[in-house]
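So in full-length UniProt numbering, spot 198 of the sequence shown is number 198, and the numbers just go up one at a time.
Check each hint, because a few of them may be wrong.
The calculated EDC-like cross-link candidates involving lysine to aspartate or glutamate, where the alpha carbons are at most 16 angstroms apart (straight line), are [claimed, not checked]:
1) K482 x E283
2) K354 x E491
3) K406 x D462
4) K354 x D467
Worth flagging that the hints you see were computed from the coordinates, not collected in a lab. If you're wondering where the values come from, they're calculated on a predicted model, not measured in any experiment.
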Amino acid sequence: MARARVRGIYATALTARLLDAGHEVVDASPPIRRRFDAPFGTDPPDVRVETSDDRQGVGAHGDPDALDAVRDLLVDAGRDALAWADPTPPGAVLDGEVTETLGGGAVVDLRVGGEGGEAASAPATAAEGYLPYGAVDARVETGDAVRVQVRESAAPWTDRRPELAGELRVGGDLVALEPGSGTRVDVRDDEAARELSGMLDLLDLDPPDGWRAVWRPPAVDADTEALSAGLDAAVDAAEDLRDAAASADGTGSGVGVLDDRGRLRDAPVAAPDAGVWVWFGRESRFGLDDARRGATATMPGHHRVKAGSADASAGVDLAEALCDPDPDAEFPFAVVSDAFGPREGDALRIDHGKPDGRLITLGEATVTGVDPDGTVTVEREMSGGGTYDGLGVDRVAGDVAETSLKEGRWWYPTTYRGRDGSVRGTYVNVCTPVEVFPDAARYVDLHVDVVKRPDGTVERVDDDELDESVAAGRTPEPLAEKARRVASALENAL
Numbered sequence: 001m002a003r004a005r006v007r008g009i010y011a012t013a014l015t016a017r018l019l020d021a022g023h024e025v026v027d028a029s030p031p032i033r034r035r036f037d038a039p040f041g042t043d044p045p046d047v048r049v050e051t052s053d054d055r056q057g058v059g060a061h062g063d064p065d066a067l068d069a070v071r072d073l074l075v076d077a078g079r080d081a082l083a084w085a086d087p088t089p090p091g092a093v094l095d096g097e098v099t100e101t102l103g104g105g106a107v108v109d110l111r112v113g114g115e116g117g118e119a120a121s122a123p124a125t126a127a128e129g130y131l132p133y134g135a136v137d138a139r140v141e142t143g144d145a146v147r148v149q150v151r152e153s154a155a156p157w158t159d160r161r162p163e164l165a166g167e168l169r170v171g172g173d174l175v176a177l178e179p180g181s182g183t184r185v186d187v188r189d190d191e192a193a194r195e196l197s198g199m200l201d202l203l204d205l206d207p208p209d210g211w212r213a214v215w216r217p218p219a220v221d222a223d224t225e226a227l228s229a230g231l232d233a234a235v236d237a238a239e240d241l242r243d244a245a246a247s248a249d250g251t252g253s254g255v256g257v258l259d260d261r262g263r264l265r266d267a268p269v270a271a272p273d274a275g276v277w278v279w280f281g282r283e284s285r286f287g288l289d290d291a292r293r294g295a296t297a298t299m300p301g302h303h304r305v306k307a308g309s310a311d312a313s314a315g316v317d318l319a320e321a322l323c324d325p326d327p328d329a330e331f332p333f334a335v336v337s338d339a340f341g342p343r344e345g346d347a348l349r350i351d352h353g354k355p356d357g358r359l360i361t362l363g364e365a366t367v368t369g370v371d372p373d374g375t376v377t378v379e380r381e382m383s384g385g386g387t388y389d390g391l392g393v394d395r396v397a398g399d400v401a402e403t404s405l406k407e408g409r410w411w412y413p414t415t416y417r418g419r420d421g422s423v424r425g426t427y428v429n430v431c432t433p434v435e436v437f438p439d440a441a442r443y444v445d446l447h448v449d450v451v452k453r454p455d456g457t458v459e460r461v462d463d464d465e466l467d468e469s470v471a472a473g474r475t476p477e478p479l480a481e482k483a484r485r486v487a488s489a490l491e492n493a494l
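All chains should be modelled from the sequences, with the hints used to inform the complete structure.
Spelled out as structure tokens, the structure:
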């Protein structure tokens, strides 16, 4: 069983699922403590689970064995929960090469390897990272070889790169260890810092030789037992880093000493922790609603609305605080779209996810209609050149693409029309259930599609791509089978 720390908009639902599965939740937030009649320890977690910056899913990082168990629990949220190994888990020390220098930092091509163990549905891939100039003591240029540590990872479906640093640091939320001597208290409140320093002196919590302890703000409110456990966990993390390096290259020497150019000369290349990113689709979010509802009042579509925007998330909190929602009510799409969008005339992105974790934006369209049943119609004017994918029809400047996006449907059609209004073909995309957020419609493409050409012929396409995705471990078979059934129904209907 794993010890997990959970934060973000999915925290209550995931806490419920973790506890039901026999795992331990530690360092719980005050709302979680109020909602559950369960003991919450202060021991360092084996796995940390946090909501992604865009609220579309979660990242889980920690001990590889514990992570496997938590990963299974996360993807069991629904058929449209998809997981990918994180090639750059926080704390990993990696070699790389500077490929580009920007205004505030450098882009680093990282050398990552391995399949990611049991923690993902697809192999890990090469990655880029971002090294801020302030995180390294010397100037870096294009072509430089660098050894860096991952400070903060990034979900594969976002346009962010993992953030890197040129100095070594290990540890958790209470205390970190870095090469050096002495102790540092990283707390802005001077009085609190003095009190913590005095307590640490009394407890005689000294870091091992060659390291210095950096105590973080949460340490101010921690008890003696938690402070001691935090330092022990940081020491264990340092040892894990060395052990991982020893198993990888037979050495494991060094504690991260910087050379005269500010680089990690002696830090072992290793990733003692593992990571996984999990994207939740609409069906998964409603499954998490059910888990949350057992602990506290939860409106229909709680996580679906919260994933849309920060304002929508605050609106959900207010609504649930004012009344006890009816769990059997329908998802109030019209109310949500009226309050937060999209509305007629708005610009709406079409975010086209792929089963390998990538996200491709198909461009912005103009909203031409919003129906209470959850149907949003958008239009895009097309540029000339090339042909329409799957239709074999020339794309002419001035053509209009009309797309009908219905919330919760496993497909959506796009009809292409010429300037004179003539239909140039219809392309029906099969995907995970569509979600229409205030600024974007989102889904994951499931490869197989159905097209209707101008002469009325109907053809199902790209079954081979779906089969290859299943064989590669990117698309789970239950999800693929659903896509095939949807495609068959569309083929018969058209």
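Outcome of the hint check:
Among the hinted pairs, K482 with E283 is consistent with the structure: their alpha-carbon atoms are about 13 angstroms apart, no more than 16 angstroms. Straight-line distance between C-alpha atoms of K354 and E491 comes to about 22 angstroms, which puts the hinted pair past the 16 angstroms bound. With a C-alpha separation of about 23 angstroms, the suggested pairing of K406 with D462 is violated against the 16 angstroms cut-off. Between K354 and D467, the direct Cα distance comes to roughly 14 angstroms. Compliance with the 16 angstroms bound is thereby established for this hinted pair.
The structure is inconsistent with the numbered hints 2, 3, although it conforms to all the rest.
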